[in-house]
Amino acid sequence: MRERIELVLALILLPAAVQAAVEEPQFGRIQIPKDVTIRIRCSLQGDGDPAVLLRGGYNLEGWSIARTDEQGAAWTCDASVPHEKSVFEVAAEGQTQLAIGEPLVSTLTAVKQGSVVTFQHCLEGRLGETISIKRNGERSDAPKLRIRNADGSYDKVLSFEYG
Amino acid sequence: MTGPFAVTSEIPGPFRVDCPSYDLASLATVVEGETKETSWFDELEGDPRAWVALLAICAITTVAGWLARRRWPYATALLYTLWVAAVFAPVLLSLAVVWGKPDDTLNDAMDILCGIYTGGWPFWVFCGVAVLSQVLLLAVPIRIVKERPIPRRSIWATAIAAAVLFSLVVLGVAVSAAAAVWDDDALDESGVLLILVLLDWALWTWVFRGFARAADPHAYVHRLMKWLLCGSILELLVAVPSHIIVRHKDVCCAHAVTALGIATGLVVMLVSFGPGIYFLYAQRIRSKSPSASITPE
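Line order of the protein sequences matches chains A and B. Just so you know, we're using the working numbering here: the first sequence kicks off at 1 and counts up by one. Just so you know, we're using the working numbering here: the second sequence kicks off at 1 and counts up by one.
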């Protein structure tokens, strides 16, 4: 009789235990001295849904995107976040938006001296991140500069140089 | 061909990039002053300070070597070393650096040469080390020719000097190979490199000092020179292919490292001829000396 009661109780409690195990985040405990703030490094891969983090301040060092093109080449885009833009807060309410990832921002500047025009190119993230794009582990080809006039009689593509 | 011109950038890769189109007229910041058209002659002109420094060193060392040729044969060897270190090495290094980048020109070479001469103490320390090493390498040959006893300190001095040059050779081999494998990342650990060079120097000093125990002085000098010559040839065998490998990569500074390997290899090779040149001088002077042909009856 006692064994039957235990079996019934186990069957009743099992789904609840499973559900609790699935839903409850598995937090560990760490003792932090009073008035001390620790900075933690971790990596999170986005899947489109919001990620759950403990509320508090975080220091974002960088982010990266890995992608494979149609020819099968592996591309990576690594971004280093400038120090002054690296801190973000996760609040208990609401959702923190990070202005990271695509689109990247490409800016051109030009200096004209006499008849010579010198172009400079800068590729950054939206937070001003330093961007490094690699193809199969090697630095990708330098960006191109395209110059066209209105009627299309002049259309040239030049290549920048790193450095 | 009429304006206005629109300029835009194109970034390779599967990433989404905002590439706005700019109107060239409004984008370009106009700077005062006309830029003249460049010709091959302009390319040769380069930085005038580099030409002045180069010609001054060439003239002074050549004239001093000519004036000193009779009384001080080994002074000629020292001037030759200075010429090798101060003229040959930087010129070769500049040309090799420029050759390492397909788009660089002779003008860039002259700028690099000027940068080497005016860039501060490292280059002049290198020249000082090369000349001092040559002086120390001549310590034993001079005593051999003058038939004087060779003290242990001269053996040590020769071993130290040869070890300095051989450390440069080993360093050149190591950094050239590292540059070929790791590109610009090879330059990251310069502190570790300095410690390794010092350890390397101590090791080769000990090895070269050991050579003196098993050979007579003439054979000892000959053996050291043979090691330096073989080492520099080995360095060139590593540095030149490394330079070619690096040249085909998109790098910032690695080609300068391999160029340095080529330059040090050739300098050590030429410096290693110094004692040999001295022996030749001494032999020549002795054969021309009247006292050598007069025999008392």
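Rather than coming from a laboratory, the hints here were simulated on the basis of the structure. Cβ atoms here follow ideal geometry from the backbone N, Cα and C, with glycine treated the same way. Treat the hints with care, since some could be wrong.
Listed next, the in silico DSS-like pairs over lysine-lysine satisfying Cα-Cα at most 25 angstroms (straight line) [unchecked claim]:
#1 K249(B) x K144(A)
#2 K134(A) x K144(A)
#3 K156(A) x K112(A)
#4 K134(A) x K249(B)
#5 K156(A) x K85(A)
#6 K112(A) x K134(A)
Chain B stretches covered by chain A per the calculated footprint, using a threshold of three residues with CB under 8 angstroms from any CB of chain A [to be verified]:
#7 175–181
#8 266–272
Check your understanding: Failing hints, ascending?
Key -> 5, 6, 7, 8
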